[in-house]
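J.: Between the sequences and the hints, there should be enough to build the whole structure, so can you do that?
Number of protein chains: 2
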Amino acid sequence: MRIKLILSYDGSRFYGFQVQPNQRTVQEELEKALKVLHKSKEKISVISSGRTDSGVHAVGQCVHFDSPLSIPDHKWPYALNSLLPPDIVVRQAETVDESFHARYGTSWKEYRYFIDTSKHPDVFRRLYSYHYPYPFELKAMQEAGNLLVGTHDFTSFCSPKSGKENKVRTIYKLEWEKTDEGLQMIIVGNGFLYNMVRIIVGTLLAVGSGKISLDHITDIIEAKNRQAAGKKAPAHGLYLWQVNYDN
Amino acid sequence: MRIKLILSYDGSRFYGFQVQPNQRTVQEELEKALKVLHKSKEKISVISSGRTDSGVHAVGQCVHFDSPLSIPDHKWPYALNSLLPPDIVVRQAETVDESFHARYGTSWKEYRYFIDTSKHPDVFRRLYSYHYPYPFELKAMQEAGNLLVGTHDFTSFCSPKSGKENKVRTIYKLEWEKTDEGLQMIIVGNGFLYNMVRIIVGTLLAVGSGKISLDHITDIIEAKNRQAAGKKAPAHGLYLWQVNYDN
Numbered sequence: 000m001r002i003k004l005i006l007s008y009d010g011s012r013f014y015g016f017q018v019q020p021n022q023r024t025v026q027e028e029l030e031k032a033l034k035v036l037h038k039s040k041e042k043i044s045v046i047s048s049g050r051t052d053s054g055v056h057a058v059g060q061c062v063h064f065d066s067p068l069s070i071p072d073h074k075w076p077y078a079l080n081s082l083l084p085p086d087i088v089v090r091q092a093e094t095v096d097e098s099f100h101a102r103y104g105t106s107w108k109e110y111r112y113f114i115d116t117s118k119h120p121d122v123f124r125r126l127y128s129y130h131y132p133y134p135f136e137l138k139a140m141q142e143a144g145n146l147l148v149g150t151h152d153f154t155s156f157c158s159p160k161s162g163k164e165n166k167v168r169t170i171y172k173l174e175w176e177k178t179d180e181g182l183q184m185i186i187v188g189n190g191f192l193y194n195m196v197r198i199i200v201g202t203l204l205a206v207g208s209g210k211i212s213l214d215h216i217t218d219i220i221e222a223k224n225r226q227a228a229g230k231k232a233p234a235h236g237l238y239l240w241q242v243n244y245d246n
Numbered sequence: 000m001r002i003k004l005i006l007s008y009d010g011s012r013f014y015g016f017q018v019q020p021n022q023r024t025v026q027e028e029l030e031k032a033l034k035v036l037h038k039s040k041e042k043i044s045v046i047s048s049g050r051t052d053s054g055v056h057a058v059g060q061c062v063h064f065d066s067p068l069s070i071p072d073h074k075w076p077y078a079l080n081s082l083l084p085p086d087i088v089v090r091q092a093e094t095v096d097e098s099f100h101a102r103y104g105t106s107w108k109e110y111r112y113f114i115d116t117s118k119h120p121d122v123f124r125r126l127y128s129y130h131y132p133y134p135f136e137l138k139a140m141q142e143a144g145n146l147l148v149g150t151h152d153f154t155s156f157c158s159p160k161s162g163k164e165n166k167v168r169t170i171y172k173l174e175w176e177k178t179d180e181g182l183q184m185i186i187v188g189n190g191f192l193y194n195m196v197r198i199i200v201g202t203l204l205a206v207g208s209g210k211i212s213l214d215h216i217t218d219i220i221e222a223k224n225r226q227a228a229g230k231k232a233p234a235h236g237l238y239l240w241q242v243n244y245d246n
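Line by line, the protein sequences give chains A and B.
Residue numbering for the first sequence follows numbering that gives the first Met the number 0, starting at 0 and increasing by one per position.
Residue numbering for the second sequence follows numbering that gives the first Met the number 0, starting at 0 and increasing by one per position.
No lab work stands behind these hints: they were computed from the structure.
All C-beta atoms, glycine included, are put in the ideal place defined by N, C-alpha and C.
Errors might be hidden in some of the hints.
Derived coverage of chain B by chain A (criterion: at least 3 residues anywhere in the stretch with Cβ under 8 Å from a Cβ of chain A; other residues may be distant) [what the hints assert, rightly or not]:
1. 6-14
2. 86-97
3. 121-129
T.: Okay, here's the thing in structure tokens:
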């Protein structure tokens, strides 16, 4: 049986999603819990919609795995949550067709980035939003964001460490919104490159503070050079919010 | 100069407010930061509105101390926050009259208790609200709460470890409200005994689940016996929300 899971995790104490030698990762914890649940000697491999970086959170990461167990869908979260550490929570499980693939089947992903704009940081949000107590022009940030919507080569907004050759991605939506704590940026696209959302946030904040002019955004895209864009915003403000599949 | 501070702290990693040998406490961290700021050999003693237990949070704890430094009020938070660990944040400072006393001058205090009633815990709130995924009758919980409002001897709602002899306190307000994550209980009173809010929450949840009947609340008060009331709810849902002074 192929099982699809939707899970949240607090990225603070993880070295990202994907298994790394000698580091605590979400994938490793998931596979450990599945091994115990299956009383299995073999590893139960988990495939995700994509990795998240060290320190990045997830509200709706999606993974799949194959299991010989016949556990009803609504019982999978209880079974796994009882074995997982408290910073990972399985929210939902669904038995899916063998053709479902958490990585290759994605049609779009949504990320959100939270910013605490208060003078002194909210102590309860310090691990969950980026404290940025500086003046900003929200209108300019939104206009700069609008220039990124559509299909572009995002080389300038991608870590040079990325292994991906094709850096063309489509952004369907990029919206800044005011929240109780300050700001959030909602971004939806067909795929995101290494550090892409964090570099976009950093660049748009630089537009908001006047360090980068709005006119310059098109030049930055065209430069196809990481040096052209702004700094990347810190990991702990970023959330993989939801992953969508066509069928 | 006497300085009044309003501060927030994340209680998760503190052994309460008050200095304890060999334990990390809020008071110790504050006094350490003040000592560095004053380049002082002498300890700068901090007086709070009252201690909070191990694991209990504060949104608006209030303290005072005396200082020879003439720092403008709005600069105190920056000066102290730069020296404090990230789980304590000074939100506001005010130069007050020598007659101000953070402990003896309080007129009322407000606590709030947060409950996450979702089926599977919100991973980002796990340290900041009590996960209680069980059915409850909110109306009964409110009616039971109404019986506690007023002036009563709260011996039944106080840890037997309390050193206070007079256990009569007045509750001005006790309200349950629905929130995005589930529930909050707001309680305002002229003073609270050791574990009092947590025992009230635990008892009212027991009323909500039918384990304690509404009729029984008056008997519990009259029993003046901790055994008569319900279990105490966990510390990590509780916040000292604000402290009020008459002048």
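J.: Hint by hint, say whether it matches the structure.
T.: Comparing the hints with the structure gives:
Figure legend: the stretch 6-14 of chain B, annotated as covered by chain A; annotation consistent (3 residues with Cβ-Cβ distances under 8 Å, at least 3 required). Evaluation of the coverage hint for the stretch 86-97 of chain B: fulfilled, as 5 residues show C-beta separations to chain A shorter than 8 Å, against a requirement of three. Coverage of the stretch 121-129 of chain B by chain A holds. Counting CB-CB distances below 8 Å, 5 residues qualify, and the rule asks for three or more.
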